[in-house]
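Chains as they are written, first to last, in UniProt numbering: chain A, 1 to 302; chain B, 1 to 531; chain C, 1 to 334.
Since the hints were derived computationally from the structure, they do not count as laboratory data.
Possibly wrong hints are sitting among the right ones.
[Unchecked claim] Stretch-level coverage of chain C by chain B, calculated; a stretch enters the list once three of its residues show a Cβ under 8 Å from a Cβ in chain B:
{"id": "1", "region": "50 to 61"}
{"id": "2", "region": "85 to 94"}
{"id": "3", "region": "161 to 174"}
{"id": "4", "region": "288 to 299"}
All of these numbers come straight from a predicted model, not from anything done at the bench.
Each residue gets a CB set at the ideal place from its N, CA and C atoms; glycine is no exception.
Chain by chain, the residues run as shown.
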Amino acid sequence: MSTVQNTAETKTVGSPPSGLSEFWFYFSRNKGAVIGLFVFLIILFVAVFAPFVAPHNPSAQNRELLLMPTIFQEGGSWGHILGTDAVGRDILSRLIYGARFSLFIGLVVVTLSVVSGVLIGLVAGYFRGKVDTFIMRIMDIILAFPSLLLALVLVAVLGPGLVNAMIAISLVNQPHFVRLTRAAVMTEKSKDYVVGSKVAGAGTMRLMFLTILPNCLAPLIVQATLAFSAAILDAAALGFLGMGAQPPTPEWGTMLAEAREFIQRAWWVVTFPGLAILITVLAINLMGDGLRDALDPKLKRS
Amino acid sequence: MKKLTTLLAATAVVSLMSTAAWSKTFVYCSEASPEGFDPGLYTGGQTFDAAAHTVYNRLVEFKRGTTELEPALAESWEISADGKEYTFKLRKGVKFQTTEYFTPSRELNADDVIFSFERQYKADNPWNKYVPGASWEYFAGMGLPDVIDKIEKVDDLTVKITLKRPEAPLLANLGMPFISIVSKEYADKLQADGKMELMNQQPLGTGPFTFVAYQPDAAIRYKANPDYWGGAQKIDDLVFAITTDAAVRAQKLKAGECHLMSYPNAADVAELKADPNLHVSEQAGLNVAYLAYNTLVPPFDKVEVRKALNMAVNRQAIVDAVFQGAATVAKNPIPPTMWSYNDAVEDDKYDPDAAKKMLEDAGVKDLKMKIWAMPVARPYMLNARRAAELMQADLAKIGVTAEIVSYEWAEYLKLSSAKDRDGAAILGWTGDNGDPDNFLDTLLGCDAVGGNNRAQWCNKEFDDLMTKAKETSDVAERTKLYEEAQIIFKREAPWNTLDHSLAVVPMSKKVSGFVQSPLGDFVFDGVDIAE
Amino acid sequence: MLRFIFGRLAVLIPTFIGVSLIAFSFIRLLPGDPVMLMSGERVMSPERHTELMHQLGLDRPMYVQYFDYLGGLVTGDFGSSIVTKRPVLDDFLQLFPATLELALCAIIVAVLLGIPAGVLAAVKRGTWLDQSIMGVALIGYSMPIFWWGLLLIIFFSGYLGWTPVSGRISLMYFFPQVTGFMLIDSLISGQAGAFKSAVTYLILPTIVLATIPLAVIARQTRSAMLEVLGEDYVRTARAKGLSPFRVIGVHALRNAMIPVITTIGLQVGVLLAGAILTETIFSWPGIGKWMVDSVFKRDYAVVQGGLMLIAAVIMIVNLVVDLLYGWINPRIRH
Chain A
1 MSTVQNTAET KTVGSPPSGL SEFWFYFSRN KGAVIGLFVF LIILFVAVFA PFVAPHNPSA
61 QNRELLLMPT IFQEGGSWGH ILGTDAVGRD ILSRLIYGAR FSLFIGLVVV TLSVVSGVLI
121 GLVAGYFRGK VDTFIMRIMD IILAFPSLLL ALVLVAVLGP GLVNAMIAIS LVNQPHFVRL
181 TRAAVMTEKS KDYVVGSKVA GAGTMRLMFL TILPNCLAPL IVQATLAFSA AILDAAALGF
241 LGMGAQPPTP EWGTMLAEAR EFIQRAWWVV TFPGLAILIT VLAINLMGDG LRDALDPKLK
301 RS
Chain B
1 MKKLTTLLAA TAVVSLMSTA AWSKTFVYCS EASPEGFDPG LYTGGQTFDA AAHTVYNRLV
61 EFKRGTTELE PALAESWEIS ADGKEYTFKL RKGVKFQTTE YFTPSRELNA DDVIFSFERQ
121 YKADNPWNKY VPGASWEYFA GMGLPDVIDK IEKVDDLTVK ITLKRPEAPL LANLGMPFIS
181 IVSKEYADKL QADGKMELMN QQPLGTGPFT FVAYQPDAAI RYKANPDYWG GAQKIDDLVF
241 AITTDAAVRA QKLKAGECHL MSYPNAADVA ELKADPNLHV SEQAGLNVAY LAYNTLVPPF
301 DKVEVRKALN MAVNRQAIVD AVFQGAATVA KNPIPPTMWS YNDAVEDDKY DPDAAKKMLE
361 DAGVKDLKMK IWAMPVARPY MLNARRAAEL MQADLAKIGV TAEIVSYEWA EYLKLSSAKD
421 RDGAAILGWT GDNGDPDNFL DTLLGCDAVG GNNRAQWCNK EFDDLMTKAK ETSDVAERTK
481 LYEEAQIIFK REAPWNTLDH SLAVVPMSKK VSGFVQSPLG DFVFDGVDIA E
Chain C
1 MLRFIFGRLA VLIPTFIGVS LIAFSFIRLL PGDPVMLMSG ERVMSPERHT ELMHQLGLDR
61 PMYVQYFDYL GGLVTGDFGS SIVTKRPVLD DFLQLFPATL ELALCAIIVA VLLGIPAGVL
121 AAVKRGTWLD QSIMGVALIG YSMPIFWWGL LLIIFFSGYL GWTPVSGRIS LMYFFPQVTG
181 FMLIDSLISG QAGAFKSAVT YLILPTIVLA TIPLAVIARQ TRSAMLEVLG EDYVRTARAK
241 GLSPFRVIGV HALRNAMIPV ITTIGLQVGV LLAGAILTET IFSWPGIGKW MVDSVFKRDY
301 AVVQGGLMLI AAVIMIVNLV VDLLYGWINP RIRH
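Please model the complete structure; the sequences and the hints are all you need to start from.
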C-alpha cells in the first residue's frame with residue numbers, strides 16, 4: 001500500500017548504525033518489536049520446516065471428511081485441528097505451507113523493488129537534470145494509479161499466477177524506493193565527506209555505491225520492512241480477487257477466495273487464512289516500528 | 001435476522017404511508033447486470049431474463065416448465081410439405097406497452113415481425129449497426145443467416161418465412177430470446193429523433209412487464225403491463241436486485257430482502273433447504289459437462305484408451321465434491337429431461353483395476369497427459385479446477401500422470417478448439433432450445449471439428465444420423481435417430497460425460513406461480529406473493 | 001501563487017499522456033480476445049471473427065488505434081464498453097458518486113476518530129492508553145481488509161442480523177438520482193425511512209474502508225504531535241500557565257496538522273485501492289467493483305477508460321492537496 005512511504009520519508013536521513021549492540025539496545029527497548037521478531041521467527045521456522053511441522057500433506061484430499069469443523073466445535077477431531085476444506089484437505093497443514101508462499105512473496109518483492117528502486121533512485125539523485133526529470137515523471141505515472149488496481153491490471157496482462165503477481169507488486173512498490181533513495185542521495189551529495197572523496201578523485205561508481213549509498217541505508221531498511229508486509233497483503237488481495245496464486249496452491253489469499261462460498265456454512269475455512277495473514281503482517285510491522293526506533297536518530301533523542 | 005426483517009417491515013409500512021398507492025413488489029436477486037436491453041445483441045442468460053422474458057415476446061414460446069413450444073405472438077403456423085415454408089398467423093389485438101418514453105399508436109402487425117428479423121441479418125438495415133460494435137451473435141450462431149432465404153408479409157397479420165433448405169430445429173430456434181419481437185413504430189420514432197441507442201436502454205415490447213428504470217450494477221425496475229395480451233399480472237412491481245456474489249444472494253433471501261434468487265452456491269443449498277421460510281425448487285438442468293479427449297492425437301485416437309480413462313475416473317466423487325450432490329453423473333451427451341434421451345445406454349463403470357489392465361492391453365505405458373480446466377464457473381461445472389484435481393488423483397492410481405493446465409477464459413475457448421490441442425479439455429454446454437440437435441450435432445458433428453467439437457471427433461455413422469434427423473420434422477422419426485446416435489457415442493467414447501447439474505432455485509414460501517424453466521430462464525410472468 | 005498552479009498543471013499534462021500510453025498499451029497486451037468472449041462456448045467462425053475485429057477497429061495498426069483513442073479523449077470520448085456497448089464515461093459518471101460517497105464517509109470517520117486518538121496517545125505518551133491506541137492502530141494498519149469485511153458480514157449481517165448484506169439502500173425505496181449520493185438523494189426524496197436505510201447500508205463498508213486510513217492518521221497525528229509538543233513555543237505556552245487544553249488544542253494541534261493534512265491527501269489512492277476490495281465484498285455499485293468486473297470480463301475498453309479516469313481523479317486530488325499545502329505553508333512555494 002502506498003501509505004507506507006510517508007512515515008519513513010518525513011523522517012530525516014539516519015546516520016550509519018554504529019554497531020550491532022547499539023542497534024539491539026534500541027531495538028529491544030521496544031517490547032512490541034521484540035514480540036514481533038519472536039512471532040516472525042516462529043513463522044519463519046514453520047515455513048522452513050513445513051514438511052516436518054505440518055500434520056498432513058497440504059494437497060492430500062480426504063474425501064470422507066469434507067468441511068470438517070475445528071477441534072473447538074462439535075464434530076472436530078485431533079486429526080484435523082483447524083478442520084478441513086471443501087475437498088477434505090487439512091486446513092492447518094495448508095496454512096503452514098502457505099507461510100512459505102507469503103514469506104517467499106515478501107522476500108522476492110522486496111528484493112526486486114529495492115534493487116531496482118535503489119539503482120534508479122541513485123541514478124536520478126546523482127545525475128539530476130534531464131535523466132532525473134524523466135525518471136521521476138515515469139514514477140509519477142506509476143503512482144497516479146491506485147497500486148492494487150495497477151497490479152490487478154498488470155497481472156491480468158501477464159496472466160494470473162504467483163510469479164506474475166510478484167512482478168506486478170514489485171513494479172508498483174518500486175517508486176517508493178526510487179523517491180526515497182533519490183531524496184537521500186540529494187541530501188548526502190552536498191555533504192562534506194562526499195565532496196571530499198570527489199576531490200580526492202573517487203569515480204562515479206565508487207561515489208554512488210560505496211560513499212553515498214551506505215549512508216542512505218537506514219530509511220531504506222525501514223521502508224523495506226514496510227514493503228515486505230505490504231507485499232504480503234497485496235499478494236493476498238490479488239489471490240483473493242482470483243488473480244494471484246492459483247488453486248490448489250495453499251496461498252492464504254487464494255485459500256480465502258476459495259473459501260468464500262462457504263462463508264455461511266463453515267466459518268473456519270474463511271477465518272483462519274485471514275488470521276494467518278493478519279498475524280504475519282502485524283509481526284513484521286511491529287518489527288518495522290522497532291527498526292525505525294533503532295535506526296532513526298531523531299526519534300531516539302526524543 | 002429477525003431484527004432486520006422487522007426493521008424492513010417497519011420501513012416498508014412507513015413508506016407505504018408516504019406513497020399514495022402501495023404496491024405489491026416482487027424482488028428477484030439476480031446474478032449479474034444485464035449486458036443491455038436488446039436481447040438480439042447479447043448472449044448472456046441474465047440479459048435474456050432482464051429483457052426478453054419481461055419486456056418482450058416471441059412468435060412462439062416455450063410452455064412454462066417445459067421445452068415444448070406453444071403459440072405466443074403467432075396464434076398458429078403451418079409448415080409446407082417440403083419443410084421450407086413457415087407461415088405464421090399473428091395474434092390479433094396485441095398492444096405494445098405504453099411507457100413514459102413512448103405511447104404506441106397501433107397494435108402488433110407483420111411489419112414488426114419482419115423488422116425484428118431483418119435488423120439482425122440484413123447489413124443494409126439501418127438498425128443492423130445501431131450501437132457501436134453491434135453484432136447479432138445468436139442469430140449468426142444458430143446459423144440463421146444461412147438458413148433463412150426471405151421473410152415476407154402476406155397480409156397485416158400473416159408472415160411467411162422461406163428457407164433455403166429444410167431445417168427441423170427452426171421452430172425451436174424461434175422460441176429463443178434473441179428473436180424477440182420489437183416495435184417498428186418505436187424504432188422509427190427513435191431513428192427520427194436520432195436516438196437509436198435508446199432501443200438498448202429503454203426497451204419497449206409486448207411482454208408482461210414494462211421497463212421503468214435501470215440502476216447500473218444495482219437494480220432493474222419494472223411494473224406490470226396492464227395491457228398484456230396474456231392477462232393481468234398479480235404483482236404490481238418487479239425488481240431485479242443485482243447481486244453478483246452467490247453467498248450474499250443467499251443471505252439476502254434469508255433476510256427477506258428478496259423473494260427468489262438465482263444460482264445458489266452448492267455449499268449453501270442444505271442450509272437454505274433447512275430454513276422454514278424458504279422453499280427450494282430443483283430440476284435437472286438442460287446441460288452437460290464433459291471431458292473431451294482429442295481424438296486426433298495418439299494415443300487418444302484409440303477407443304480402448306479413451307474407455308480406460310473413462311473407467312478410471314470416479315465421477316460420483318466429482319459430483320459430490322463440486323456440487324455437493326446437486327448434480328447427477330452423466331452417461332449420455334444430452335440431459336435426461338430432453339426428448340430422445342436414451343436411458344438404455346449402459347454407462348462406463350468406475351473400475352480402476354479393469355482400466356489399468358485395459359490400458360496395458362492397448363500397449364500404453366507411463367501415459368502423461370494434460371487436463372484442461374476452465375478458469376470460470378459455469379452452471380454445468382461449478383469448479384473445473386476442483387474436478388480436475390480429483391481426476392488427477394484418480395488417474396494417478398492407474399499410473400497415468402496428469403498435469404492440470406488452465407488459460408484465461410477467452411484463450412481457453414479458443415485454444416481448446418484447436419485440432420492439435422494437447423490434452424483433454426473440461427467444458428460443457430447449456431441447451432438453447434431443447435432440441436437434441438442443439439447438443440448432438442452442435443457438439444459432435446463433423447462440421448464442428450475445429451470448433452465446438454472439442455473432441456475433434458468425426459464419425460461418419462454418427463454424422464449421417466444427424467443429417468437425416470435435420471431433414472425430417474416428424475418427432476417420432478427423429479427420436480429414433482437420436483437414440484441410435486447416443487449408442488454410437490457411448491461405444492466410441494470421444495468424451496467422458498461428467499455430469500448434468502441440477503438447477504436449484506431457492507425462494508420464499510410466500511412465492512407462488514413460479515415455474516422453473518428447464519432452459520434455465522427466470523420467467524416471472526404469473527408469479528404472486530402472499531401478503 | 002498563480003505561477004505555482006500553472007507549474008503544477010504543466011507537469012500534469014505529460015504525466016497524463018504517459019498514463020494514457022500505459023493504459024492503452026496494457027490493454028492491447030491482454031491475452032484474451034474480446035471477440036471470442038462475446039460468443040462463450042459457442043464457437044465463432046473465423047470469418048465472423050475477422051468481421052467483428054474489423055467492426056471494433058481492433059485490426060488496425062496500434063499507433064492508429066492509439067491516436068484515434070487520444071483524439072477521442074480530447075473530446076471526452078473514452079470509448080464504449082465491448083460487453084454492454086455503453087459509453088465508458090457514462091458508466092463512470094453514474095458509478096463514481098457511489099465510490100465517492102463511500103470514500104468520503106470513510107475519510108470522515110478516519111479523521112474524526114484518528115486525530116483525537118493520535119492526540120490522546122501523544123499527550124498520554126508511554127501510558128497504557130498510548131500503548132493500546134497504538135496497538136489497535138497497528139492492527140488496523142496490518143489488516144487484510146477483504147478478510148475483515150467478510151468477518152464483519154459473518155458477524156453483523158449473518159449472526160446478529162443487524163446490518164444488510166450488500167447494496168446501497170433497501171429496494172423498497174426508489175427515487176430519482178439527483179446528486180448520486182444516496183444519503184443526500186434519500187433526504188431529497190422525502191420518503192420516510194429512506195435516509196435511515198441508506199445509513200444502515202453504509203455502515204459496514206465504511207468501517208472496512210476507513211480501517212487503514214484511520215490507523216495511518218492516528219499514527220501520523222501522534223508522531224506529529226510529539227514533535228510539536230517538544231518545540232520551544234509549546235514549552236513557553238505551558239510555562240506561561242496556559243491551560244493544557246488550550247496548549248494542545250490551539251497551539252500544538254494547529255502546527256501538527258500540516259503533515260497530517262498531507263497524509264490525508266495521500267490516503268486518496270489508498271482509498272481507491274481499498275474501494276476495489278470493499279466494493280467487491282459488499283457488492284457496492286461503484287467504480288472499484290466495475291473495474292474488477294471489467295478486468296474479468298476482458299472488457300478492453302472499460303479497463304482502459306477506467307484506468308485513465310481513475311488516474312485523472314487521483315492526479316487532480318493530489319494537485320488540490322499540493323495547492324492546499326502551499327497555501328497553508330507558504331515556504332514550500334519557493
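Against the structure, the hints:
Judged by the Cβ-Cβ criterion of 8 Å, the region 50 to 61 of chain C is covered by chain B as claimed, because 3 of its residues qualify and three suffice. For the region 85 to 94 of chain C, the stated coverage by chain B is satisfied: 4 residues place a CB nearer than 8 Å to a CB of that chain, which reaches the threshold of 3. With 13 residues having a beta carbon nearer than 8 Å to a beta carbon of chain B, the region 161 to 174 of chain C meets the requirement of three or more and the stated coverage holds. Chain B is given as covering the region 288 to 299 of chain C, and this holds because 4 residues of the stretch bring a CB closer than 8 Å to a CB of that chain, at least three being needed.
Every hint, counting from the list given before, is met by this structure.
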